[in-house]
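Residue numbers (the numbering used here), protein chains in the order written: chain A, 70 to 400; chain B, 217 to 496.
Calculated directly from the structure, the hints in this document are not laboratory data.
Yeah, the Cβ is synthetic: ideal placement off N, Cα and C, and Gly gets one too.
Hints may contain errors.
[To be verified] Beta-carbon label-pair distances, calculated as ranges: (1) A/R397 <-> B/R426: 34 to 44 Å; (2) B/H327 <-> A/Q196: 14 to 24 Å; (3) B/W349 <-> A/R394: 27 to 37 Å; (4) B/E242 <-> A/Q196: 29 to 39 Å; (5) A/I100 <-> B/H327: 14 to 24 Å; (6) B/L313 <-> A/L186: 25 to 35 Å.
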Amino acid sequence: MASATTAPPGTPALPPVAAQSFLGFTRAQAIALLLMIAALIVCPFFLYPQFLMKLLCFALFACAFNLLIGYVGLLSFGHAAYFGMGSYVAAHAAKVWGLTPELAILLGGASGAVLGLAFGWIAIRRQGIYFAMITLALAQMVYFFCLQAPFTHGEDGIQAIPRGHLLGLIDLRADMSLYWFIAGLFLAGFLLIHRIIHSPFGQVLTAIRENEPRATSLGYRTDDYKLVAFVLSAGIAGIAGGAKSIVVGIATLTDVHWTMSGEVVLMSLLGGLGTLFGPVLGAATIVSMQTYLAPFGAWVTVIQGCIFVLCVLAFRAGIVGEIGRMLRVRL
Amino acid sequence: MVSFQPRRRRSGNEADRVRDYILETEGLTKEFRGFVAVSDVSLRIRRGSIHGLIGPNGAGKTTCFNLLTKFMQPTRGVIRYDGRDITRMPPARVARLGLVRSFQISAVFPHLTVLENVRIALQRERGGSYDFWRSDAVLRRYDERAMALLGDVGLTTYAQAPAGTLPYGRKRALEIATTLALEPVLMLLDEPTAGMTHEDVDRIVELVRRVAQGRTVLMVEHNLKVVEGLCDAITVLTRGRVLAEGPYAEVSRNPEVIAAYLGSDPSVSGGSQGGVAAHA
Ligand SMILES: Nc1ncnc2c1ncn2[C@@H]1O[C@H](COP(=O)(O)OP(=O)(O)O)[C@@H](O)[C@H]1O
Ligand SMILES: [Mg+2]
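This is chain B alone, in the form it adopts within the complex (with noise of 0.2 Å):
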């Protein structure tokens, strides 16, 4: 295993460790009926940075974005975040905690105008929106800032069309607009590119690259030309297993890498043997 960092003990200086990485994990494992799918995983995603997490299919990538935002109970294995133990926190917890992930699959509510659905984001700050008696016209007072950060993705337009209806390139950028409405302090992307087009592509990345300003990001790609424009380092999974880590120009020269690229799934997008042997 390539580590770009001398691995300090856990007796080391806590604080210290707690300012450089926003979340550690130790040993996670999940298992699905006896078949791992995530074998004891140790990330360390530092603070402030863009961390790419690849892998080939059924790597256990979005496994571990389960586990990480707890939308899965881990077999074995600890999480923490921003220096508090989270294993065994709900899911809606975690994401009041600033770590807030999207989905591989789009995830946006179709039937809510592209305006509500990062309204219901903004809505979040309001704490707990049980009361049924106000009008929603309360609401309202968050439209401006909606309208704010659907220009940032370019969705101005669209503000008043029902999410479904969106093209797919622009349902991402509604799920990152969305997302960042929560204003986190560790975002996780499962595959935001997967599927678009080239000139969707670039305005994702360039999206990515202005919202990681101030924010952890988190991400998984495919598109290894995505991965070494943004990442500052890259974690490699295959069958589960932690492969490598460090910097992207240092693990794509690491033999077992390229060969595990090689060896698996040409439907791997991106060029990625191409990808990896390029620049080894």
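Just chain A, with the same shape it has in the complex (with noise of 0.2 Å):
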């Protein structure tokens, strides 16, 4: 056995690993990631913008949630918090500053951010059932604050949003338009969740995941790290919030609501936690069922409800995480 110490310099001492092709994506993830945008570009000619666009800024959402619970292990109940502070500042960004909404959007994330950083802190040394109770806890302060503080119109919510023009040049007033870029902003941040996981960072937070103590006694101040993750994790939530309340036209107390943290849950549960592309399918079918069986008004919930527990109880690894053990690839 050549060891690699005995390998000429320069000749690689290893065989390429066969998992890794291109920008650290699978194959298997490269194919999907290619009918992922294949879908973006052809959706719109078949179904409506708006709801397209609602259904990505989820997907966003989700992406997020899931970069801390599948990929860090830290369950977050209180994502709607960030989403819900986003939706907001970008929403007030954009119509009492008047920004143009590619700068509204950043703010909310950025806001998201800072919002995350004083959770996080707080919440981070705790483990478990703890953490996710103080998340929740602080999130329905955020959900209090939102309700009392004028800026966000308690009941109301702050109403028609300008869609604006994006970098200040392009009007975005016609669907078609906004969803160019929200499809962009989604893919953008897509692509940056992947690049995390796919980071030095993202290998000491798989190691943390993994084994926590091995990773501190190897030198790892691991509270540091899973804070930074927090931090990202609420800043995508935020700009997913600002782009949603951007695309609808209105921000309102149910984007801060504790059931907005458990959508965000459900979603990522149904796709697949710990997949990339798990959070995007579970957030478009929850989505979806919340669009086109309208109709059926409360009967929504209760299908939702159903849908949880048989993910549960039947498929632990959610609809990409199944599929991906059928064809034995990871998505």
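Join the two chains into one complex using the hints; note that each chain is given alone, in its own frame.
What follows is the structure, encoded as structure tokens:
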């Protein structure tokens, strides 16, 4: 067995890792990515752009949530706080301050990140269910803040948010113009999350998820890494929330309500925790159900509950997780 | 208590002591809700030596390791490492100073490949790896050194396998390779041969002997044959207290030590009674 020490310098000591093909995507992931991009391009010609844009905002939100639960092993049960704060701040910035949509959304992301830093700092030292409870409690505080604060307009929310001009140049009032912007934003966020997972930082995160005491014993300040991941996740959730308010034109208490935190858990779980594409598919399923089953009224909630139970009992790995298992690939 | 060196007073030549001893504890105590797991332990680990920590199950050896590596905060006592008081330091900081532990239950990152396991440790030399925007392709520059380390512990062929799929003995070897990647000054090994087959034990003993060159090793070990063959000095712990300390030959003759071993859990492996008595 020739060890690396005997190999002449310059020759790769290792066979290239079979699974790693392109920028850290496995072959299966690269194919799925191309399919997703194709769907992003084709879908608006067959489905309502308004519906698709909403779907993409929630997909990004779910991806941000999955970054924490799937890759760090942290169950945040208060992610609505960052989504909702992003939504309100972007709405306020676009409507009252007249900021361009991309700046408003970015500001929404920043406010999500700042909130994430404060809350993460408090919560990160707790383990397991205590972590979930604290994130939930803090998110409830944000809800009551939004209920009372003047700029959120209480029960009415911020309405008639202008879509504005992208970079001050491109008019986004036409649905298709806004769609391309939102699709691009979603794809950028999605790729950013993939990069985070496949970065030196992501390697340490994986190590922490797999065996935190061992990571500590190797000299990593694990709380710091978890906090950075938390801030990133909250920031991306804020961007998703900001984008959502620009798309729908309103920011309301629904965005910060605890049921929103529950919904993002459901989306990720349904799609497959810890898979790259799972949250996207999970969000697509839930948003589709909410849109197309809307005539059934309260039954939507019942159906969602049933799906949740079914997932927990039968499809632990979620849709994408199960597909990956059947095809024996990582998605 | 058997002391193989007359104790120098604290007011003695500080520099000499730091030069001689890499690690010292004074009155180290850990209580768990009234139960004293480690009681007034004063250890001195000679620089460059292999030091054994032995004692029956529940004696407090692992707790000692947790205290020394700051995974637990002592109730009382002082820990000095390389002339510096580390009693209040967080565990990651202690690790970065070169005091690195392994775990009694084998600690690998099961879903990372064997190569990636070692690389996580090598990656430490970048400082903090907070660069989430950079591709992990930058870590490939550590591959060669990681492979060399894997070669040292005989794991070259397993490099691309997920660490979780390794047989038990190989996991321990991987753990040692990962620990070595940090180039520790003082290495703490908690029962590195526990639950291993004979060949695996021999391989680990050989490995420990080799890696102990140029560093200090403190190891918990039940197999007294291994202890006798490897350790320059041993400390015997029972019920949280130091019973004896000194070279193996000397300590194993101590009647109190023999009594403690005879009177204790016979499941202590490695023919403990026979081991101690035979060399009495
Ligand atoms: N975290 C803990 N909480 C309470 N008791 C503990 C804890 N860790 C260890 N102990 C107790 O301390 C004693 C010493 O344990 P340990 O250090 O693991 O012994 P050894 O490694 O020598 O077998 C045991 O009685 C054990 O039950
Ligand atoms: Mg132990």
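The hints, checked one at a time:
1. Look at A/R397 against B/R426: about 40 Å separates their beta carbons, and that is inside 34 to 44 Å.
2. Evaluation of the 14 to 24 Å hint for B/H327 and A/Q196 yields a pass: the beta carbon distance comes to about 20 Å.
3. Under the hint 27 to 37 Å, the C-beta atoms of B/W349 and A/R394, about 31 Å apart, fit the expected range.
4. Between B/E242 and A/Q196, the C-beta spacing of about 32 Å keeps the proposed range 29 to 39 Å intact.
5. Against the hinted window of 14 to 24 Å, the Cβ-Cβ separation of A/I100 and B/H327 comes to about 22 Å, which satisfies the hint.
6. Checked against the hint of 25 to 35 Å, the pair B/L313 and A/L186 passes, with Cβ atoms roughly 29 Å apart.
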